[in-house]
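Both chains are sitting in their own frames, so use the hints and assemble them into the complex.
Which chain is which? The protein sequence lines are S and B, in order.
Read in order, the letters of the first sequence correspond to residues -9 to 531 in the numbering used here.
Read in order, the letters of the second sequence correspond to residues 20 to 267 in the numbering used here.
Treat each hint with caution, since some may be false.
To be verified - Beta-carbon label-pair distances, calculated as ranges: (1) B:Pro55 to S:Ile136: 50 to 60 Å; (2) B:Lys123 to S:Thr31: 53 to 63 Å; (3) B:Lys24 to S:Leu20: 47 to 57 Å; (4) S:Lys262 to B:Ile90: 42 to 52 Å; (5) S:Asp79 to B:Ser41: 42 to 52 Å; (6) S:Gly24 to B:Ile86: 42 to 52 Å.
In case anyone wonders, no lab produced these hints; they're calculated from the structure.
Backbone N, C-alpha and C fix where the C-beta goes; we use that ideal spot for every residue, glycine too.
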Amino acid sequence: MKVLTKVIFKSDVRRDRNTSNKVLAFLAFLIVFGFLALVMTIASIYITNRLVEIKQPYAFISLMLLFNFAILFVKSIFEVLNVLFFSKDLKVLLRMPIKSRDIIHAKLLKMIVSEYEMELIMLAIPMLIYGIKTGVDKVFYLYIPIILAIIPVIPICIVSVIISIIMRFTNMIKNKSKVLYITLFIAIVLVDLVFRYSGEGTYSIAEFQNSVLFENGLAMEIADKFKLIWPIMEGMLNYNSLVGVGSILKYIGYSVIAYIAALIIISPIYLKGAIGTVINSNRKTITDTKLKLEDFNELSTNYAYRKKEFKIISRSPIFFIQCVILPVVMALSIFAIAIGMTIFSNYYNVDIVSDVREKASLGWGTGIFISICQVFYMMNFSSIIAVSKEERWARLTKYMPIKLYSQMKLKIHLGKFINFITALPVIYWYYICSGSIVNSVLLLITAVMLNSFGEKVKILIDMRNPKIDWDNEYTMMKQNTNVMYELFYTIIVLVVIIGLGFLVSNLRFYFPVLISLLLLINLWMNDYLRIKDYKIFEKLY
Amino acid sequence: MIEIKNVTQSYVDGKTVIDNMSLTIDDGVVYGFIGPNGAGKTTTIEMITGVLKIDKGDILIDGHSIITNPIEAKKKFGFVPDSPDAYEKLTGLEYLNFIGDVYKVDKKTRFEKVEKLAKEFGIYDHLKDRIQSYSHGMRQKLIIISVLLYNPKNWILDEPMTGLDPQSSYVLKNLMREHSKNGNTVFFSTHVLEVAEKICDKIAIIDDGKIVFTGTIDEIHQKLKSNDNLEESFLKIIRGDTEDESIN
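For reference, chain B alone in the conformation it holds in the complex (with noise of 0.2 Å):
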C-alpha cells in the first residue's frame, strides 16, 4: 500500500510541481498514473522512491514513512524508471547478481527466476554481455528483471510500456495483473491510455501538480456521462470540457 499524504514539491525559484497532493493505492489494486507531459506524474513517482526530497507532506509505503524510515520503505518497493537505470559496465548477469546480493535473494531463487523471466523476455542469450551493448528495449527488460527477482510487495513502474516489444510488453501486463491479484500493488505511469484502460483496476489523472480526478474507468463515465473511450474522457478533463466542478 502507497499512501501520498498531502505533499507538495516545489522548484529553487518557488515554483510549485506538486500541489498538496494526497492519493492511496491500495493493495490488490493495479494503479495507472496518467497525465500530459510534465503534470507532475515522474516528480511524483521520484518522491515515492525517495529520489526526490519532499518538501511538505508524507508518503508512506507499506506504512514506512519515506522521510523517516527510507531503508525500510525502500525494501517494500520494486522500482523501474522511465530511464532504464543500470551499471553500463556490468553484465546483465552481474547486475542480477548485484541487486540479488543487495535484497538477499537466495542462489536458488535467482537462478530460477532469472532462467524463466530472462526466456520470457527474450534476453536470456544476452545476460553475460555488458548492458552497454544493450538496447533501450533490453535495458528496461533487464531492470523489470531485476524487480521481479525479488519481487517486492509494491511494483512502482514509470512508462514501463516505452521501448518493449509486442511480447515483452504483453508479458508484463500479464505480469502486473498477477501481482495485484496475489494481493499486492501495482502503481505506473503511462501515456499510453489504451494500456490504462486495459489492465488497471484504477486510474490517477494528474494535471499541473494537481490530481484532478481518482476512480476507476467505470467512474469516469459515469461522472462525464458518456460513453467515451478513456482517450476522450481524459482529454475532456484535461480541457476542462466537463460540468462535474468535482473533477477540475
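Here chain S stands alone, though its shape is the one from the complex (with noise of 0.2 Å):
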C-alpha cells in the first residue's frame, strides 16, 4: 500500500525537462505564491478591520471557513472525478492484483495533501493576520497546521462517496463525455444540497441582520447555519480553553470517521465505476453507421481548422469548463453587477455610479477596468493549451503543409473570441460609470488589442514547455506549470496598465499611449511569430 501511495504522489509532481525550466517555474511560482499572499492579505486585514469596527471580529473566521469549504467541495467534485475513475493510471492499475481499497486510499490522501497548497494561501495567510490583527494568545497560532491538515478531509471523503455512487449507475452510458457532464451536473446538485442542508436549512436575511446586533452573532449565526464548520469554528474561539482542544479533536474524529467510511463504501463499488470508464472510452452507441455523400463537407482550411480547435475543447468538459464556461461566467457576472448598480442607484438615490465615474476620469482608475478586462483573459485557458490540449497529437501541427505561423493564429481564435465576449459587459459597465461613448470605444480598442498580445503570449508559454503527456485534462491543468507564467504575465500586466495610470492620469493622454504602446507590441510580436514560427515549435516532437 505504501509503495502504492508513493508511486501515485509522485505522479502528481510537477516534471520539468531541464534545470533552467524548473528554476524558472519555481521563480513564476514564487512571485505569483507572493502575488497572491499579498492580496490575500490585504483583503484580510481590511475585512478584520471592518468586522472590529462593527464588534463582530469572529465572522472572519466562519466567513474564511466557509469560503474555503465552499472552494473545497467545488473543486472536490473535479479532483475526484479525475482522480478517480478518469485517470490513466487506471488501465494499469485496474490489470494488478491491488485492492480496490488501497487504490482508494492512496488517491484519497493524494487528493487530501494536493489541497494543502491552495489552502496556506486561502486558509493559513487569513488565519494568521487574524491572529495578528485581534492579538490573539500564541497557541491560536498552533491550531491552524492543525486545521490545515485536516480540513480537506471531510469534504473530500463526501464528494468521493457521491461521486462513486453515481459513477457505478452512469458508466452504464457509454459516452465518456456524457457521463462527465452527467456525473458532474449530478454531483454539483448532490454537493450543494449536502452543504446548504448540514446546518438548519433555512436562510433569512433578517436573521444575519439580527446576528449582527449582538457582539459576534454573526459568528455564531454562520457556525450554526453550515454545522460542517461549527467544531473548528468552536475550536478556534476557545482556543485557549478545553473546550476548544475538545472540539477540534472531535473535528478529528469527524474526518477519521469520514475517511473509514469513505473507504468502506468505496471499496466494493469502485472497480465497476472505474472499470465501465476505462472499458467503455467513448464508444456511441450509433446505429446507422452508413456513409452518404452529405457526410463530406467542403470547408476552407481555415475554417475546418478553427472548427477542429473548437471540437476538441467542447468535447472536453474540463477544458470547455476553464475555456469557455468559466469566464463567460464570470463576465456574466459583471454584467450582473453592471445593471445592479444602475438599478441600485436609480431606487435608492445612492449615487455609486458619481463615485465611480469620477475614478474611471482618471488613467489609474481606467486602467482598472482594463486590468478586470486581464483578470478575464487570464481566467481563459484555451491558448495556454493550445498545443497541449491536443496531447501527443499535437505533432500532427508539424507534418501539415500550413505554415506554423498560421497554426498559432488558428489556435488562439477560439481564446482570443471568448476574451472578446468577456471583455463586452466590463466596457458596458465602464460605459455607465464613464459616461463617455468615446472613452468606452477607446477602452475596447485597448481591450481588443491587449486580447490579441496575451493570446499570443499564452500560445508562446504553451509552446516553450509544451505539456503533451498528460493523465487526462483535469491533472494536465493542474499540473500544469506555464499556467503560473500566465498568472505572472498578468500580474505585470496590471502593474503596467495601473501604473502608466498614475504616471499619465488624464485620459486624452493615457488612451493614446497605451494604444500605441499596445500597438507597437502586437506588430513585434507578429514578425516574432512569423519569422521564429519553427523555432517556437521546436519542442514539439
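Here you go:
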C-alpha cells in the first residue's frame, strides 16, 4: 500500500525537463505565490478591520471557513472525478493484483495533500492576519497547521462517496464525455444540497441582520447555519481552553470516521465504476453507420482548422469549463453587477455611479477596468493549452502543409473570441460609469489589442514548454506550470496598466499612450511569431 | 523522390544521432529502411517530415527543401507515424474530413475513397465513433486512409505494419506496391524483415546513425557472397561479420 501511495504521489509532482525550466517555474511560482499571498493579506486586513469596527471579529473565522469549505467542495468534484475515475493510471492499476481499497486509500491521500498548497494561501494566511490583528494568544497559531491538515478530509470524502455512487450507475452510458457531464451535474446538485442543509437549512436575511446586533452574533449565526464548520469554529474561538481542544479533537474524529466510511462505502462499488470508464471509453451507440455524400463537406482550411480546435475543447468537459464556461460566467456576473448598480442607483438615490465615474475619469481608474478585462483573459485557458491540449497528437501540426505561424493564429482564435465576449460587459459597465462613448470605444480598442497580444503570449508560453504527456484533462491543467507564467504575465500587465494610469492620469493622453504601446508590441509580436515559428515549435516532437 | 543530403543531427548533449547521412529514394520504388532499435530510423523519418530540426545538410522532397520550403515539401508527402497520431476527440469521419479540407480533396473523391478504403481496412462501421474509442490498429488504419485520401506522390511510413491485422497488412502491402508501380515513392521503416524482403525493391540499413548498406536484396547477397535470408544478412552486417569493407 505504501509503495502504491508513493507512486501515485510521485506521478502528481510537476515535472520539467531541464534545470532552467525548473528554476524559472520555481521563480514564477514564488512570484505568483507572493502576489496571491499579498492580495490575501490586504483583503484579510481590510475585512478584519471592518468586522472589528462592527464588533464581529469572530465572523472573519466563520466566513473564512465557509469560503474554504465551499471552494473545497467544488474543487473536490473535479478532483475526485478525474483522480478516481478518469485517470490514465487506472488502465495499469486495474490490471494489477491491488485491492480497490488500497487504490482508493492512495488516491484519497493524494487528493487531500494536494489541497494544502491552496489552503496555505486561502486559509493559513487569513488566519495568521486575524491572529495578529486581534492580538490572540500564541496557542491560537498552533491550531492553524492542525486545521490546515484536516480541513480537506471531510469535503473530499463526502464528494468521493457521492461521485462513486453516481459513477456506479452512469458508467452504463457509453459516451465518456456524457458520463463526465452528467456526473458533474448530479454531483454539483448533491454537494450543494449537502453543504446547504448540513445546518438548519433555511436562510433569512433578517436573521443575519439581527445577528449583527450582538457581539460576534454573525459568527454564531453562520456556524449555526453550516454545521460542518461548527467544531472548527468552536475550537478556534475557545483556543485557550479545553473546550477548544475538545472541539478540534472532535473534528479530527469526524474526519477519521469520514475517511474510514468513505473507504468502506467506495471499496465494493469502485471497480465497477472505474472499469466502466476504462472499457466504455467513448464508444457511441450509433446505429446508422452508412456513409452518405452529405457526410463530406468541403470547408476552407482555416474554417476546418478552427472547427477542429473548438470541437477538441468542447468535447472535453474540463477544457470546456476552463476555456469557455468559467470566463463567460465571470463576464455575465460583471454584467449583472453593472445592471444591478444602475438599478440600485436609480431606486435608492445612492450615487455609486458618480463615485466610480470620478475614478474612471482618471488614468488609473480606467486602468482598473482594463485590468478586470485582463483578469478575465487570464481565466481563459484555451490559448495556454492551444497545443498541449492535443496530447501527443499535437505533433500533427508539424506534418501539416500549413504555416506554423498560421496555425498559431488559428489556435488562439477561440481564446480571442471568448475574451472579446468577456470584455464586453466590462466595457458596458465602464460606459455606465464614465458616460463617455468615446472613452468606451477607446477602452474597447485597448481591450481588443491587449487580448490579441495576451493570447499570443499564452501560446508562446505553451510552446516554450509543451505539456503533451498527460494523464487526464484535469491533471493536465493542474500540473501545468505554464498556468503560473500566465499569472505572472497578468501581474506584469496589471502593474504596467495601472502604473501608467498614475503616471499619465489624463485620459486624453492615457489612451493614446497605451494604444500606441499595445500597437507596437503587437506588431513586434506578429513579426516574432512569423520569423521564429519553426523555432517556437522546436520543442514539439 | 526523396533526397537526404549530408544530414547530421545531434542531441543537446552533443551526441550524434545521425552522422552525415546521404540517401536518395527514387521514384517508382518501395524503399525499406531497416535497422536495430535506436539506430536512428525514426529520427531520420522525423527529419524528412519536418518534425525534427536538421542540424546540418538538407532534405529535398520532389525538389523542395524541408528547411527552406517546408510547406511545398509537406504537400508532397503523406506520413504514417509509428504512433498513430490523430485527434482523439474527433470522430474518424471528422478527422478524414479535416484532412480532406487541409489537402483540398473534393467532396466526391472523399466519399468514394473513404467508403472503399474503410471497407477494405475493416473500419467502415466505426467511422462515426470518436477516435478515442479506437484500438491502436484501428487508429493506424485511419491514419493510413487519411494519407491515401489525398494520395501524395511520396509515402513515408514509420513501422506501418505494427498493430495491423493480417488482412489489413496484406491490403497495405498491395497498396504500397501499386503506388510505386505508378511511378511514386514509398519509403518505410520496419523491424519485420520478412516484409522488407517481400515487398521492397531496395533497402537501406542504418546502424548507429550511419547508413551501412543500400541496394537491392540481391545486391546484399552478392556483397556477402551468401544466399542467407535477409534476417541473417542483416545480422551479419550489424555485427560486422562481413569481409566487404564498403558495408561496414
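Hints and how they fare:
1. B:Pro55 to S:Ile136: 50 to 60 Å: holds, 59 Å
2. B:Lys123 to S:Thr31: 53 to 63 Å: holds, 58 Å
3. B:Lys24 to S:Leu20: 47 to 57 Å: Between Lys24 (chain B) and Leu20 (chain S), where Cβ atoms are some 48 Å apart, the hint holds.
4. S:Lys262 to B:Ile90: 42 to 52 Å: holds, 51 Å
5. S:Asp79 to B:Ser41: 42 to 52 Å: Given about 45 Å between the Cβ atoms, the range holds.
6. S:Gly24 to B:Ile86: 42 to 52 Å: Once the Cβ atoms are compared, 44 Å apart, the range 42 to 52 Å for Ile86 (chain B) and Gly24 (chain S) holds.
The structure fails none of the hints (numbered hints given earlier).
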